Structure formats: structure tokens, C-alpha cells
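A.B. asks: The chain contents come next:
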Amino acid sequence: MFDRTAQGPIARWWWTVDRTLLAALMILMLGGLILSLAASPAVAERLELDPFHFVKRHALFLAPTLGVMLMTSMLEPRQIRRVAGVVLLIGIAFLMLTLGFGPEVKGSRRWLDLGPFALQPSEFVKPAFAVTCAWLFAEGFEKPDMPSLPVAFGLLVLIASLLVLQPDFGQTLLVVIIWCALFFAAGMPAIWIGVFGALGGAGLLSAYALLPHVRSRFDRFLNPESHDTYQVDMAMEAILRGGWFGRGPGEGTIKRVLPDSHTDFIFAVGAEEFGIIISLALVALLGFIIIRGLISGIRMKSRFERLAVTGLMVLFGMQAFINIGVNLSLLPAKGMTLPFISYGGSSMLAMGFGMGMVLGLTRKRPSADPLARRQTSSAMKERTA
Amino acid sequence: MSMTGTYTGAGVVDWLTTFFYRNAPWRLRGEQTPARIVLMMAAFLFGFCALGGRLVMLGLIAPETYARHVGAAEQISQARPEILDRNGIVLARDISTPSMYGEPNNILDIDETVERLTAAVPELNAADLRSRLSSDRRFVWLKREMTPAQQAEIHRLGIPGIGFVEENRRFYPSGRTAAHVLGLVNIDNQGIAGMERYIDTQGLAALHQAGFARDARTLEPIRLSIDLRVQHALRDELIQAMDHFKAKAAAAVILDANSGEVMAMVSLPDFDPNHLETASGEETINRMTAGVYELGSAFKAFTVAMALDSGEVKLTDSFDARQPLRIASFTIDDYHATRRILTVPEIFVHSSNIGTAKMALKVGIDGHQEFLKRLGFFKAMHTELPETAEPLLPARWGELSSMTISFGHGMSVQPLQAAAAGAALINGGRLIEPTFLPRSADDAEKEARQVIKPQTSDEMRDLMRLNVEDGTAGKADVPGILVGGKTGTAEKVVNGRYSNSKLLTTFLAGFPMDKPRYAMLLMLDEPEPAEETHGYRTSGWNAVPTAGKIIARVAPMLGVTPGPGLALVRSEPDSAAF
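So the sequences go chain by chain: W and S.
676 is the number of the first residue of the first sequence in our numbering; add one for each residue after it.
275 is the number of the first residue of the second sequence in our numbering; add one for each residue after it.
Bound-form chain W, shown alone (with noise of 0.2 angstroms):
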């Protein structure tokens, strides 16, 4: 494709991104579309739009999504770094706007209409505030004057306030997540981990005693006789019709009854037209993904590369296994997109953008030599020595 020695910005980029990672990624993108393709045209058609206006529009987003994520690839790791910290304030601004203007569907404020299509900011809050948190976290250790802990404390309480007034618990949830997964990862001393633990624990029951939706969700989780459970019996319904082997590519009847089934449920959609073999495959490639994010992670050599590296994968890992356990009725029901599967503009827009963010990190450079980590590890020695 290119030379090896061609000294081109796409020629550097292309020799130095994780062409694997970069692969599965867009491979995931390709099976997004024809899930897709499986599921949506039934949900269009209840809706009475054209059959693929779902299909049209995926393919639609997925184009700048991919445009997002090769571009911000390029970027360096300052640059990022500023990228992230610039859509993290215009996100924040965007959700306060949300509370304020942004119209109710289905009984919470999360979009903001800018004419041709709604934009969802917390999706674009998510990567860009794990990368901010982790910058600050990094910034702990080289700056010990700087209360940056405390800074990344109170982000997250603003983001997390921000988001509990929407209402919207589950994008809470992952933020809360992606701080604790990084404060952890920064060097969390164990007496915080308890702290921390008492704290999450106290925040879910209080979610549960304060807000009625999450009870009756987490209700019918634990006792699905007493409860109304439709959305996740016909998840579960679809998965058994399609066994191993699926009912085929279009053979599907579920979807035509199951209200998010082009959403929150495509997984279990998919499944009864791909069978379950293709779903574990689905399932396997998104660990694939995960683990080889966070092996990069682990391998990079500035603190804040590591722990944002880290935030973003933790982030993408957490909405593919709570979406994918809630389709499997093994986590109660809760609105999730599925990364770049599930449909949704700024969702998708978002995921490209913390996944570019993911390879450019991970890109290698210079400074990531061996020779260098070689000099590094011995330096380290030295000072635990």
C-alpha cells in the first residue's frame, strides 16, 4: 500500500497505527450495517417511514463516523489530549442546553435539535471526559501541587449531576464507571477501593429508592413473574427461535413487536436471523477489541496515554457488556447502544471519535522504541531499588 519508507503523513499513519485494531474496528462497522439491515426496516415500517430510512440513514452516519475516527488517528497525543478537553466543554455546555431546551422523548430531555438530526451531547461527553479525567489523573503525579484530583472529582460530579437531571441513569452509570476504572488504574490506594465500593454501592440503592423508573426496571429484573418484563422476554424469545444456526437474513418476526429492536435489543434481533454461532462470533470480536485496546494501553509509556487509552476501552468495553448482558437477561433492562451496532447518529459519531482517539494514542512513535522502554524500565528500577 505504501512504501515503508515514504514519508507522507498517511504513509507515517499507516505504518504506525494498530492495523488489527483498525481492522476489527471496522469490521464491527460492517456488521453494524447489516444487523442493521436485519432489524431496522421493521421498526421503520411501524413507524410508517420508508423500510430502510433506518438502514439509509446508518449508512449515513457511518461514513463521517469513519471520516472521525481516521482523522483524529492522525492527531498526536497533546493534540488529543486539547481535542478532548474542548469537546468536553462544549459537551457540557450542549447537555446544560439540553436541560434547558431540548425537547422530551420518552419522558427525558437527552437531544438537542439542530435541524437535519438530534444530537445526543453526553454520547460525546463519554470519551472526551475519560480522556480529560485521565490528563488530570496523569497530571497528579507530575504535578503534586496541583490539586487535580479534586478537579476530576468535581467533573465528574457535574457530569454526573448533569445527567441525573435528563434523566439519563444509564450514561451516569458509564461515567461514573469511566472515573472510578481510571482512578483505579491511576493507583487507587486500597482504602479508596473500600470507599469507593461503600460510595457506588450507596449510589445504586439510593437510584433505586429515588427514582422510580430504575426500581421498577431492577425489580423486574430480580422477579420477573410480578412484572411487566415484554422488552426482555421477546429478546429472549428472539434468541431461542433462532438457536445455533439463526432463522436466516430477513426470516425474523420479533422485531416486528420488540419497540427498540433497531437499538437497545439488535443483539438479540440479530440473533434470531444469524443464529447464535454468529452472535458468540459478535460477542468474541468485541472482546478481541477490548483486550487488545487495554494490552495497549498497558504497553504506553506516558501515564496519560496509558490511563486514557484505558478510559476509552473501559468505556467501550462497559456499553458492549451491559447492552449484550441486558439482551441476555443478565443484567436488568437498561438503554444502552451497542458500539457502533446499534443505531444512532451521535452515538456512532461519538464511539468513532473515542476509538480514533484509541488508535492515534496507540499509535507507535519514536519515543516508544525499545531502546527507549528498555532505558525506562531500568530507570524504574533504580528508584524502587
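Hints were generated in silico from the structure; no laboratory data involved.
In this text the structure is predicted, and so the values were computed from the model without any measurement.
Careful: at least some of the hints might be erroneous.
As the list claims (entries may be wrong) - No farther apart than 20 angstroms at their CA atoms in a straight line, the calculated lysine to aspartate or glutamate pairs in the EDC-like style are these: (1) Lys976(W) <-> Glu305(S); (2) Lys976(W) <-> Glu817(W); (3) Lys818(W) <-> Glu305(S).
Stated by the list, open to error - Just a few of them, taken from the derived set where beta-carbon distance is under 10 angstroms, the chain W residues facing chain S: (4) Ile914; (5) Ile966; (6) Ala995.
Said to hold, decoys possible - Listed next, with one range per pair, are the computed distances between beta-carbon atoms: (7) Ile335(S) <-> Leu741(W): 38 to 48 angstroms; (8) Arg931(W) <-> Ser408(S): 13 to 23 angstroms; (9) Lys776(S) <-> Arg931(W): 54 to 64 angstroms; (10) Val312(S) <-> Tyr883(W): 31 to 41 angstroms; (11) Ala423(S) <-> Phe792(W): 49 to 59 angstroms; (12) Ile709(W) <-> Pro308(S): 33 to 43 angstroms.
Built from N, CA and C at the ideal position, the CB exists for glycine as well.
Fit chain S to the given chain W structure using the hints.
C.D. replies: Then chain S, alone, in the frame of chain W:
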């Protein structure tokens, strides 16, 4: 000691440094980052393996649970087994009929399609067809259950977007004859009433869902205890009686007294299960099981059996029936008032209210309740038929309740329930739950419950026979067959008061009384006087002669033949007269 002393200062500094800097609670352990990311990787690996494991688990259970998860739409008109009477005559079977559907998105020209379809099959409604075909759905029914000729006609037209599905339709060759026993199916061939519903609850629905029951020929036929010949004769006589006495309704059941099998059961007015659309609510009520009634004096048979069985009263005892009984503001008097002291058989034969009420009082309220409970009158009786009703009991059971219930007022039960209890009175005292499926006397014996002593049963048979020979039930006599029974004429409750113009007449009977084989309960709702009844409307003038005609007609079918000895016994007084 001195050695350590010299190091104390440095140790404190070291300790303070360690505490406030290296081990400080707020100090991040940067060197642990790789290990902790590995830990998170392990957590993700575990989580995704759990997802994969769950998928594999679902894959393994999918084949079995699939049947449970089939939607209702796929059960359209599945096959049902044939239903046969006890002799193998078909009572219900499936016939295959084509149903026409349309696929609106494959229709080229709606106007032309509608025009050609209505030209071929004029009974189709053009406006309805047009609206169905104009919908944006993929599948619409156009006409369910057409004839093969109509199907051929439409096939010949070759209209795109129109197709046929073979559906199973239920057909009842005997029409109305056994309508209430057989029950009903809906358009999707699912049982919704009677034995049809019972079949569905016995695993047929599961068979359907598993996709095994598409062809009726592969299903084992269901045989009933009903004898179609007896059923027909019973219904025929009841129709004549209902017509003759201008009754609102009529119903009857014939039970095998030793096996509990229902040989025939009719409830009129009835309906034609082949033309369900014409059936009214009044017609679909099965009065024998889904209704409860005050059965009137027929209930005295139970009161007398109770009194004799308790040992408190002997056949030879007498009760004073000279004065009406007064309790609170009520007066209990006799219909056929004799105004004298009556023996137990006389009380039974003259149907004395005063006498039976006194017998009930002698047994006491507790004993009375316990006995009726033993006969199963305190709760709804459940047979295979889903249509069932709870008995109506007095809210407070005082002496007055016991007295009125002793002659069949103040307590309502299912007629079939009373027939089963009546069978127990004559079969040696065994209460056997009725069934609509074949059952041998031996099998019934295992489930039977002894409710009265065999000796009491013998005495009841004598009393019931005596009532036909000398009492209110004389018109039920059939030469050569020892019919026995107890009549009942209940005043119906109208607007909360007993009405003496609206009656329900009943007859609880058994035959032959020397060796009981069949029990029978018959009732007529609001019969009017007829020419030969001299203005009477009581049971002895309508229900009893009807029962006599029925018994004379069905006894040969049931293998009850007039015994030569018996005929001689009956003819003796006549020959003496000559």
C-alpha cells in the same frame, strides 16, 4: 537497647515520611497501573466469557423451549382429534377448508382485483375487500373457510397477491344433539367450551405448539361416555315436553349409577355448534353444570336418607303433620296437606314439608350441614366440563334454613351434582364423581366415597319405588322396569320473593330399583298446565311423565329389559281385580 536508641530519630523521620508521603491515603500508586489494567482485562475477559457462556446455554435449551415460545398466530386452525361417542360414532371431526388471504404489496391493481373476486364469489363484500387490500400490511385475511369450488374459481382467475391456506374447520355431524357436552371451538380451532376445551387443557395445546398436530389423522380420537342414541332420545323427549308444557327451558342427565359415566346430558334451549354465529347466550348455558337451582322437594330424598342414616329416625317412626310449623314470621305447610300423623314412608310419598322439616330438626343443624357437605353440596363439582358453578348456601344457617333446605329451598346446587348424589342414594351409598369419559365400574369403585350405609340405600330404594307405586311419581312407571324417584316442585325466586306462579319442576329418579343401574335428574323450567294435567303444574304432572317416556325409550338401549318376574309382580294386583 542502646543500639536501637541511636536509630530512633532516623526511624521516626522514616516512619513519618512513609506515612505522610509514600503510604499517604491520597497518594496514587502509579507503579501499580499495569497490574491494575491487567486486573481490569481479566474482569472484562470474565464478563465476556459469561456472555458467551450464556449464549451457549441458550443455544442448548433453544430446541426444547422453542415450543413454549411459539406465538399465537402460528396456531391458526390446527388439527383436533375426532370425538367419538361410547360406541365409536363420530361426534366431532375436522374438515379441511381453504381460506383466502391477500398480500397487499403484491396486488397490482386493487380495483381490478376486487372486481374479479366479487364476480367469481358474489358473497364477498367489495367495500370490505377494498379496504383490506388497501392496507399497508403484508398479510390480510380476505375470507376464512371457503368451499373448494370457490377456491378453484379464484385459482382459475390467476390474480397475483391472492393465496389460499388450508385450514381445519370443526364439523359436528350430530348437530345440536350433544352440543353442550361437546362445547365449542373458535375460528382458530381452539377449544373454548365443553369437552373441546377440556381436550385443549389435556396437552393438545402443547402438541399444537410443538407443531405435531397439523393432521387430524395422526391424533388419537377421544371417546366419550355419552351414548349418542340415548342422548338423541333424551333430547327428543325433552323437546316434546318443553313444547307440550310451554316450558322456558328443560334439562336432564342420565348417569350410570355404578361408574359415574354420563350416558346422556341435554340442556334446552341448545345451539348448533356448526353455526355458532346464530347461538344466543341463553342457548349456550349448560343448565346441568353451569347453573345452580333450588331443586324443591326432590331434595327431600336427601333429607330422609340423612335422617335414616343418622340412626335418629327409623322407617317406622311417625311425625305429627297436623299443624303447620310456625317459625319467626314464616309458616311451613304441606302442599298435599293430610293433617294427620305420618310415618316416614308416608312423609316421603306425600312429600310432606312439615314431616321432612321435623326430621331435619331431629338430626340438628350440625348434622344436616355435615351430611350435605358429605354429599358434596358445599362446593362446586368439577368434571371434565369447564362450565361449572358454585352452590349458593344460606349466609347464616339457622333452624329456619335447615327446615327449608330439608325440602329443597334456600340452597341452590348444580343439577348434575344432585344427580350424582341421587345415584349415591340408590347404588349402595357410594358417591362417585360423574365423568364424560368412559370409566369402568371397578375404576369408579376405587374413587367412590361411602356417604351413607348400604342399608340406608336399600331403604331409599324402597321409598323411591313406593313413591312411583303409590305417590306423586306414579306417571313415571314403566311396565316391567322398577322405576323409583322423588318429585320436586320449586317456587322460583322472582324479585327476591318466592313466586307461586313461576315453578321449576324436577324429578330425581333411578332404574331399575331392584338392581340400580341408572340415575336420572330431569327439570322443566316454568311449565304451564296442559290439557291432561287438570290445571296442575307440579312435577308429578309434567316432569314425571316425561321421565317415564324417556326411561321407556332408553332402557332397551341401555340394556335394561323388563324382567319376566318383575312383570308378574306388577300384574298381580290387576289380575286379582279380574
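A.B. asks: Indicate, hint by hint, whether the structure satisfies it.
C.D. replies: Evaluated hints:
1. Restraint check: the Cα-Cα separation between Lys976(W) and Glu305(S) comes to about 12 angstroms, which is no more than 20 angstroms; the hinted pair holds.
2. The straight-line distance between the Cα atoms of Lys976(W) and Glu817(W) is roughly 14 angstroms, inside the 20 angstroms bound, and the hint therefore holds.
3. For a cut-off of 20 angstroms, the pair hint linking Lys818(W) to Glu305(S) stands: about 16 angstroms separates their Cα positions.
4. For Ile914(W), the shortest C-beta to C-beta distance to chain S is roughly 5 angstroms, which falls under 10 angstroms, so the interface hint holds.
5. Below 10 angstroms, beta-carbon pairs count as interface contacts, and Ile966(W) has one with chain S at about 6 angstroms; its hint therefore holds.
6. Contact between Ala995(W) and chain S, as hinted, is supported at the beta carbon level, the nearest pair being about 8 angstroms apart and thus within 10 angstroms.
7. For Ile335(S) and Leu741(W), the Cβ-Cβ distance of about 39 angstroms falls inside the hinted range of 38 to 48 angstroms, so the restraint holds.
8. At about 21 angstroms, the CB distance of Arg931(W) to Ser408(S) agrees with the hint of 13 to 23 angstroms.
9. Remark: the range hint 54 to 64 angstroms for Lys776(S) to Arg931(W) is upheld by a beta-carbon distance near 56 angstroms.
10. Between Val312(S) and Tyr883(W) the beta carbons are some 32 angstroms apart, a value that agrees with the proposed interval 31 to 41 angstroms.
11. In this structure the supplied range 49 to 59 angstroms holds for Ala423(S) paired with Phe792(W), their Cβ-Cβ distance being about 58 angstroms.
12. With their beta carbons about 37 angstroms apart, Ile709(W) and Pro308(S) fall inside the hinted range of 33 to 43 angstroms.
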